[in-house]
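Assemble chain B onto chain A, guided by the hints.
Here is how the chains run, residue by residue.
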Amino acid sequence: MIQLRYFASLRETLGVGDEQVDLPDGIADISALTGWLQERNDTWRTALGDSRLHIAVNQEIVKPDCPLRDGDEVAWFPPVTGG
Amino acid sequence: MIRVQTEDFDPGTELEQVRRNNGGKAGAVVSFIGLVRDLNEGDTIRQMTLEHYPGMTEKALGIIETTARARWDLTDVVIIHRIGPLAPNDRIVFVAAASAHRKQAFRACEFMIDTLKTDAPFWKKEATDSDARWVSAPPAAG
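Line by line, the protein sequences give chains A and B.
Under this note's numbering, the first sequence has 16 at position 11, and the numbering climbs by one with no breaks.
Under this note's numbering, the second sequence has 88 at position 83, and the numbering climbs by one with no breaks.
Bear in mind the hints are in silico, worked out from the structure with no lab data behind them.
Incorrect hints may have been included.
What the hints assert, rightly or not - For lysine-lysine, the following BS3-like pairs were computed, each having C-alpha atoms within a straight-line distance of at most 25 Å:
1) K108(B) x K122(B)
2) K68(A) x K122(B)
3) K108(B) x K30(B)
4) K68(A) x K64(B)
5) K64(B) x K130(B)
6) K64(B) x K122(B)
What the hints assert, rightly or not - To be clear about the criterion: a stretch of chain A counts as covered by chain B if any three or more of its residues have a C-beta under 8 Å from a C-beta of chain B, and this derived list gives those stretches:
7) 6-15
8) 77-85
Here the structure is a predicted model, which is why all the values come from computation and not from measurement.
Just so you know, even glycine gets a beta-carbon here, dropped at the ideal spot from N, CA and C.
Next up, chain A with everything else stripped away, as it sits in the complex (with noise of 0.2 Å):
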């Protein structure tokens, strides 16, 4: 099991904050999940196909070949506007 996590603009466009998904055969990197939740439809495809999306595990920013493990959290963010 993963704990998904999407923020800002993202969450709004998924209509979903954060879910549990098993972590699919196969699916060893941010990359591969990535794309794997792409499938799901056009919102998904789209809205995870932006290349300015930042990427975190275990909240620490990744890159997309960072190696996924059972029981991380992972998150997709647009680029950050605080301060």
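For chain B alone, kept in the frame of chain A given last:
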């Protein structure tokens, strides 16, 4: 010291706390306060809502504090960031750095607010008279 909070903060109280903690070691305290503007991209802003990533926010701010302390000789650091609904002219963020000498404090304060803007997971959504929209990040850090 790092705080993420819905309620407002009092800059005077925060700066006085830095002074009290200091015990004579720092000769300089530099602080920055960020406010909600009433105008963005030509539209009047009625409300600004700050979303964040609980947990990661505190981690990211902690890394900023640790990095600043490693780079400059600081006696105290304060970062306060508000979340939730805010109105024009409300305070959003407070950053302070205390050091023996002013140059270190100035540089550390600027570094911390600049890095917060690019690294800490906060997002602004602004409401105008006709619309609510997510603020887009500038193309390059600045």
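Hint consistency between K68(A) and K64(B) [alpha-carbon to alpha-carbon, up to 25 Å]: With Cα atoms ~18 Å apart, K68(A) and K64(B) stay inside 25 Å; holds.
Hinted pair K64(B) and K130(B), Cα distance within 25 Å: holds, 22 Å
Satisfaction of hint between K30(B) and K108(B), Cα-Cα up to 25 Å: Measuring from Cα to Cα gives roughly 15 Å; hence the hint holds.
Satisfaction of hint between K122(B) and K108(B), Cα-Cα up to 25 Å: Roughly 22 Å separates the two Cα atoms, so the pair holds.
Whether chain B covers the segment 77-85 of chain A (at least 3 residues having a Cβ closer than 8 Å to its Cβ atoms): It holds, with 5 qualifying residues against the three required.
K64(B) paired with K122(B) [C-alpha distance capped at 25 Å]: holds, 14 Å
Proposed proximity, K122(B) with K68(A) (alpha carbon, max 25 Å): holds, 20 Å
Given coverage of the segment 6-15 of chain A by chain B, checked by CB-CB distance under 8 Å (3 or more): Holds, because 4 residues of the segment 6-15 of chain A bring their Cβ atoms closer than 8 Å to Cβ atoms of chain B.
Going through the hint list in order, the structure satisfies each hint without exception.
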